[in-house]
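Engineer: Sequence:
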Amino acid sequence: MKVLGLPILTVLFFGICPAFGGRPRGRILRGQEAGAHQMPYMASLQEDGKHVCGGFLIAPQWVLSAAHCLEDTVNGTFQVLLGAHSLSNDEPHKRLYSVRRLIPHPGSGRNHNDDDLLLLQLSEPAALGTHVQTLPLQREDREVPAGTLCRVAGWGFTSNTRKRPDKLQYVDLPVMSRAQCNERTFHDGDITEKMMCAESKQKDSCKGDSGGPLICNGIAEGVVATGSRVCGNWKKPGIYTRIAPYLTWINEVMGLAN
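Numbered according to mature numbering (1 follows the signal peptide of the UniProt record, and there is no 0), the sequence shown spans residues -21 to -1, 1 to 237.
Hints in this document: simulated from the structure, not taken from any laboratory.
Hints are supplied without guarantee of correctness; some may be wrong.
As the list claims (entries may be wrong) - Okay, derived cross-link-like pairs now, DSS-like style, lysine-lysine, Cα gap no bigger than 25 Å in a straight line:
| no. | residue 1 | residue 2 |
| --- | --- | --- |
| 1 | K146 | K173 |
| 2 | K173 | K29 |
| 3 | K73 | K146 |
| 4 | K73 | K29 |
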């Protein structure tokens, strides 16, 4: 994949082509407000000053998110807000960065949930410190044991009435085994080896949380992808894109674009 020499704000729509099964892409329901700047790696992907999706800082100049977030933009451009707890209040370490390149995984697309990852190269390296930090990625391609309690955070809807928070929310969810998640009662065989599930019994990620990290034992294991039309539906566990299988692609893109 060649990304060198692309103009500022170039969008590489590899396979972004209508939505899979009618599901809302990305979907924190019945969670709680995070401590201020407790998660300094969190990013808000914004268009015209409005939050669209989540993401997280993985290197000083790179944010990882979900490719389907591009479907929610009008003109395919983002700015990235870092160092924020509140989206609206003045905060001394909050800063909005322009984006040099948006690079979706070439296998991603509107009509399926495969390869749902997006890399954003900031126009300049983020100023790291107490309020802005990177989050380590899982580098061992292994399954997270079922029942492991993992955390997901974001500024997405906090209820099915589309209430959106101003301050960062989080929820802790147990991982569901792929075998169980693929049962007919749940996702009926749709969950590939590059995906993972977390239970959604009333607590769930919700619309606007897409692209945020699923963090297990301090490591980013997955990226919020999709789930039920109604957040918190126990029959449709949240689906997350596993990160470890994509490390080669992530490293290649970040290396090529330097």
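Engineer: Give a verdict on every hint.
Structural biologist: Hints, verified against the model:
1. K146 to K173: Distance ~31 Å between K146 and K173 Cα, so the pair is violated.
2. K173 to K29: Violated: K173 and K29 sit about 31 Å apart, past 25 Å.
3. K73 to K146: Judged against 25 Å, a Cα distance of about 13 Å means the pair holds.
4. K73 to K29: holds, 15 Å
When the structure is compared with the earlier hints, violations turn up for hints 1, 2 and for no others.
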